[in-house]
Amino acid sequence: MNINFLAGTLILALTGAFLPVINRIFRISGVLGAIISSVGYILAGFLILLSGDGKKLLSSFFVTDSVTQLIGMFILVASWMTMLVVYWITQKDKFINELVAALLISTAGALLLISSTNFVSLIIAMELMTMPTYLMVLFSFDDKSMEAGVKYFFNGALAIGTMLFGVSLLYAITGSFDFDVLAKELFRDPLIALAAIFILAGFGFKLTAFPFHFWGPDIYDGTCPGVAALLTGISKSAAFIALMRVVYEALPAISSNLTFIFALLAAITMTVGNLLALAQKRVSRILAYSSVAHAGYTLIAFAALAVPGSITGILYHSVAYVFMKTAAFLCFAVFLYLWGARTMDDYKGLGKREPLLAALFLIFLLSLAGVPPMAGFISKVFVFTSAVNAGMTWLALVGLLNSAFSVAYYIWIAKQMYLEEPTIEKPLNNPSDKNFILIPLAVMAVFLIVLGIWINPVVNASAAFISKIGF
Amino acid sequence: MVLLSMILLPILAAPFAWLGEKVNKDIPKYLSLTVGVFLALCTAYLIVKYPGNGFAFEELYRIYPPFDFNLHLAVDGISLTLLAITAFLAITVTLSSWNVEKPGAYFFLVLAFLGPMVGVFASLNLLWFFIFWEFTLVPMFFHIGIWGAENRIYAAMKFFIYTHLASVFLLLGIIVLFLNAHTFDFMNLLGIKLDPGIAKLVWILMFIGFAVKMPVVPFHTWLPDAHVQAPSPISVFLAGLLLKMGAYGLLRWEIFMLPETSKFFAPLMAFIAVLTIFYAGFRALAEDHIKRMVAYSSINHMGFVLLGLSAITAAGISAALYEMVGHALIISILFMIAGYIHHKTHTWYISELGGLMKKIPGLMTMFVIGVLAAVGLPGTAGFVGELTVMVAAFDYYGWIMVIVPLASALGAGFFMWMLQRAVFGPLREAFKELKTLKELPAVENVPLAMYIAAFILVGVVPSMVFNLYNPVVNAFAQLFK
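Top to bottom, those sequences are chains A and B. This note's numbering applies: residue 1 is where the first sequence begins, and numbers increase by one. This note's numbering applies: residue 1001 is where the second sequence begins, and numbers increase by one.
None of these hints come from the bench; they were simulated from the model. One or more of the hints may lead you astray.
In silico DSS-like cross-links for lysine-lysine, where the CA-CA straight-line distance does not exceed 27 angstroms [said to hold, decoys possible]:
1. 1158/B to 352/A
2. 55/A to 468/A
3. 434/A to 1158/B
4. 1102/B to 426/A
Everything numeric in this text was worked out from a predicted model, so none of it was measured.
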């Protein structure tokens, strides 16, 4: 691991760790807390930018390559914007600094997770990413968030337990946790396939892939939406990258066995996600099920693991996903804060009330739906191209049909916002600095549109990764 | 830089229409008119400078060459014809929408629609073609959904979901094509040798995408709803440009690119075309809703376009292109006037109309001229278009095509019957005192006069259109030999 990358991660985590302490001593106001954390983010981002060269350490546990730098940067940006929005919508709460501290530490965990090349570091990083979110889910202290928190905790424990069991099986066979060693030592064996399935099941929980998707919507709906933005957008994106490393770097020996499992899971996951999303009345649940569907699209790329293009598909979809899903949930959070809008009926006419915010929300929804020129479109092109290239035209067709039908509920939200008359008369909150909150969301929208047209950064990173693992 | 500026300028001007409304309510429409004039001037410049054959004004913006994700713009005579329609309709639609409500958002969407529209006709990269193609849906959705008639929300949703679903097949076709040809660029795809099975798969997948846009039976059901509910100027965009995208895509990306496969599927296309012509004709005959009737007659005309394309010869393609120009000009005026009739009489139904000629002779005279052109009166674009299509089809398919002139008679039938019931005859009692039933203000008459002048000019001097693209069509026709 590059020393600059490690330093960036540490700065982020330490900013998170000391923020509550500073708050205890100096009683900082909301704005000051946001500024302190922003400084942490900027320093961390700067160090990640510099992580191209420098001393290496812990190289059997972590790696700093093109993928780490790229996804790390994007995760950092998305997390920073999330932090700003969360600060803004919960600034009156006295535990806001603790919430943001947890967010920072979780993001540091995500940064470590995307660079792990060893099952020990992978599980530690994943726990570092997940542990703070157990607290965050409980943040709003109402009945629903209690239920969500308990559900999330048990599901998380189950996921990590399953994964540990798979890892220990691998260790029993090869005596190593290191991806490089595993890639060389592993051979085709039923026991290894079993271990792989346990590991995949553990990841399945994190990605809300079928049949481990049940907990997802309950929790994204039950907790406060800023936290849901972190869970669906950033944590899932990091988990995609970790799974990519496991599949391509540690388990190439049995990858041909995994193809069909991934294909089946992808087809079922996206169909289930989209069908259930169509049936929802609450916007948070629609977004939650759409995140299940998007896990399915990414699994299509995993199913095409025989061709190099699949890596581009996974990377591009993770990049697009981290921005569009995080931002969509943040838009929901802001609407909830300003107008108390939860259900589809509440969304009627919000386009007239908040034209710019609704326009941004529309950009994120269209990107999720895969309408050009947003990044969500080009990422789908890469995903489906890799599927067709791997000889799974049927899977690409299922995916494309799913994507076409998913437009129905995204455009339904747009319809409610723009084509219907308003139902809510008075705003819940009407802060004077309302336009400030548009900036973080607009940043994400700009990223989505630019990455939808200027595809070079992501494609170059994936090309570097493809040549590194030697396709 | 001309083509890129024609795409980017409308898109960049769009936010200023929105912002400008807050300053002065007149800014958006003048901005839109300016952009329309700009497009017209650019197109005129391109036509004047066009060397007469092949692609010209090439612009290549490399984005990611290994994936062939490059914005490659160039135009030939065919694209120029369609760009000319785009610029012409941009001006007329702006003038027709002069007094629209919420002008800021309306012209924002008009401009956001025009940029990608130019991109569709000017892009030689298939992926970029698709990006522009797909993006035109978004402004259309809001146009129909916000400014439409009573059932607008249903129509907007149906329009978006239906055509997006079709685009998915087009995208899959593009992906399969790319994986076999390893390029998106038209220049490299031209004359490519694909495995016949793959070529057929690609052809069918892409054809579904194009056929829904055109539309042809049985993929036409979105169109009557969208047209009827859309505000009239937007119906003009739908009929004049959106449908042309389908026909243009079919020509450029299927017939030119995969000539052998297209020849294989030509009878299928001809069958669908004849089916469309007759089905839409009979539906129009049975229709009491005046705008819906015009919508079906529009489908009927697009059937002629497809019939022309299905005769894979230079004559057929050039006839189809001419029919596209004629359709864009003639159907536009019919949609506009159908909208005005509803606006003035508050009814859509032919059975409730009657004797309008006595009250508003000026508008109705233009309507009659438009209808006569649609029927195919000699001296108008409608006549030349239908005649050349029929001749080409007859030439290619032989005697079986004698049934097509019957459909033409059918078209004359439903239009004349409609005129007789709605326009002529005694004036209805209810209309005698109706205050709203009066002639149009001058600014709304200008676009109508422009349509009439254009389709008569094009009808009397067809060579001005034919000469623009005939060398190109003849050059491509070498592929079918």
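Hint-by-hint comparison with the structure:
no.: 1; hint: 1158/B to 352/A; verdict: holds, 23 angstroms
no.: 2; hint: 55/A to 468/A; verdict: holds, 19 angstroms
no.: 3; hint: 434/A to 1158/B; verdict: violated, 35 angstroms
no.: 4; hint: 1102/B to 426/A; verdict: holds, 23 angstroms
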